[in-house]
Amino acid sequence: MKKLLLIISLVLAVTASAQKRYNLGECRDMALAHNARIKMANNDALSAMQGKKEALANFFPSLSVGGGGMKASDCMIKMDMGPQSMEMLDGGWYANAMASLPIYAGGRIFNGYKMAKLGVEISEIQRIQTANEVRLTVDQYYWQIVALTEKVHTLESARCLLDTIQREVANAVKAGITKPNDLLQVNLRLNDNRSAYIDVENNIGVLKMLLAQCMGLDTDSLELAIDMEHPLESPESLFVNHGDAVLATTEYRLLDKSVEAARLQKKITLGEFLPTVSISGGYMFQNFMGPSQNSLMGLVTVSIPVSWKAPHTMKKQKLACENAITRLNDGQEQLVIRMRKSQNDLCNAYQQAILAKKSIEQAAENLRLNENYYKAGISTMSDLLEAQTLFQQSKDRYSEAYSTYEIKKTEYLISTGR
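Per the numbering used here: the sequence shown ends with 418, consecutive numbering throughout.
No wet-lab data here; the hints were simulated from the structure.
Predicted, not measured: the structure shown is a model, and the values here were computed from it.
There may be inaccurate statements among the hints.
[To be verified] Computed Cβ-Cβ distance ranges for the label pairs, DEER-style:
#, residue 1, residue 2, range
1, Leu319, Ala95, 19 to 25 Å
2, Glu223, Phe110, 35 to 41 Å
3, Gln50, Leu355, 38 to 44 Å
4, Leu355, Gly216, 16 to 22 Å
5, Tyr94, Leu32, 40 to 46 Å
6, Asn241, Val300, 55 to 61 Å
7, Leu254, Glu361, 43 to 49 Å
8, Lys315, Leu254, 48 to 54 Å
9, Met40, Phe273, 34 to 40 Å
10, Val240, Glu361, 32 to 38 Å
11, Glu361, Met209, 47 to 53 Å
12, Phe59, Ala95, 25 to 31 Å
13, Met228, Leu369, 32 to 38 Å
For each residue, glycine too, the CB sits at the ideal point set by N, CA and C.
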C-alpha cells in the first residue's frame, strides 16, 4: 500500500509539473488564433472579399440558356384551304441562348465595384480593431489574475506571521504574562485572513475561466507563468506625437473610409437617374412550324429614367457626405483627447506603482519595529496587528498598481495605433 501511494503521488506530481503554464505573450497568441470574435472577424473579411468578386462579375456579360419541347395529341393549328387542309404544331422543341452586356449604366457598375473594394478595406480594419480589443481583454484578465495571485501570496505570508504570533501569545497567556484579549484579537485577524483568502481564490477561479474561454481553451485549470520581478518600463519611452498617431488608429481609418463610402454612394445614387445602354445578342432554334429554324438576333437597349425625386435624393446624399466629414473631424479631435487621457492614466499608474513599492519598504520596517516593541512589552497587540495590516495592504497596493500600469500601457499603445 505504501508503494502504491508513493507511485500515485509521483504520478500526480509529474502531471502537475507537466501542465502548461502560459505567459502573457502566449495567452495573446492563443486568443488571436482561437477566440470566437477573431474567427467571426476573419469570416467577415472573407465575406467582403467574396462581395468584391461578386461586384467584379458585373463587368462581364450575363448569359442565359433555355429550351423546351412539347407533344400534342392533335394538331393545334388547322387550316381549311378548299380541297386541301393544313395541320401544324402537333409537337416540337426549341432552344435559345442569350447574352447581355451593359455598355453604360451611369457609373453604377464601376462605383459599385469600388464600394465592394472599399468594403474589403473596412473589414480588414475592423479585423485589426477586433484583434486589439481581444488583446486588451486578455491583458486585463491576465493582470487581474496576477494581482490576485500576489494577494494570495501576501495572505499566506500574513497567515504564517499570525500563526507565529498566535503561538507566542497563547504561550504568554498560559504563563499569565499577557491578557487573553490579545489572543482573541489574533484569532479574529486569522479568521479575517481565511475569509479573504477564500474570496480571492474564488475570484481567481472565475477570471481563469474567462481567460481560458477568451483563449479558446476548454479547461477550468489554466495555469499562468507570472513574473513581477522585472522593473516597470518608464512611460516616457512610449510617448508619441498624438496628432500624427491619430492617423494610424483603426477608429480614424474607419471614419475616413466612411467619408469615402458616402461619396461613392452619392455617385451610385446619381447613376440611378442617368441613361442606361446595353447590348444583347442570342441564338434561337425551333421546329414547331415544320422545318427547323435557326435564328441569330441582336438588340440595343437605351433606357432614360425620368424622376421628379432626383434633386431631393441627391441633396440628401450631399448632406450625408457632409455629415460623414463632420464625424471624421469631430472623431479625430476626440481620439486625440482620448490619447492624452490614456497618457495621463499611464503616468499616474506608473507613479502609483513607484510609491507603492516604497511603501512596502516602509511598512516592512514598521512591522519589524512593532514586533520588537511588542516583545519588549512597550507596544500593544493592536499596534502589532495594525502594523501587520499596513504591511499586507502595501504589498497588495503594489501588485494592484503594477497590474494597472501594465493594463494602462496596453490601452495607450492601442489608442495610439500600435
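Going down the list of hints, with the structure as the test:
1. The beta-carbon spacing between Leu319 and Ala95, approximately 52 Å, falls outside the hinted interval of 19 to 25 Å.
2. The hinted range of 35 to 41 Å is not satisfied by Glu223 and Phe110, whose Cβ atoms lie roughly 56 Å apart.
3. A beta carbon spacing of about 55 Å between Gln50 and Leu355 contradicts the range 38 to 44 Å that was offered as a hint.
4. At roughly 38 Å, the beta carbons of Leu355 and Gly216 sit outside the given window of 16 to 22 Å.
5. Checking the proposed 40 to 46 Å range against Tyr94 and Leu32 shows it is violated: the Cβ atoms sit about 59 Å from each other.
6. The hinted range of 55 to 61 Å is satisfied by Asn241 and Val300, whose Cβ atoms lie roughly 59 Å apart.
7. Take Leu254 and Glu361: their Cβ atoms lie about 48 Å apart, and the range 43 to 49 Å holds.
8. Checked against the hint of 48 to 54 Å, the pair Lys315 and Leu254 fails, with Cβ atoms roughly 26 Å apart.
9. Between Met40 and Phe273 the C-beta distance comes to about 38 Å, which sits within the given range of 34 to 40 Å.
10. Taken as a hint, the range 32 to 38 Å holds for the pair Val240 and Glu361, whose Cβ atoms sit roughly 34 Å apart.
11. Between Glu361 and Met209 the beta carbon distance is about 36 Å. The supplied range of 47 to 53 Å is therefore violated.
12. Look at Phe59 against Ala95: about 27 Å separates their beta carbons, and that is inside 25 to 31 Å.
13. For Met228 and Leu369, the hinted distance range of 32 to 38 Å is not satisfied, since their beta carbons lie about 27 Å from each other.
This entry does not satisfy hints 1, 2, 3, 4, 5, 8, 11, 13, going by the numbered hints stated previously.
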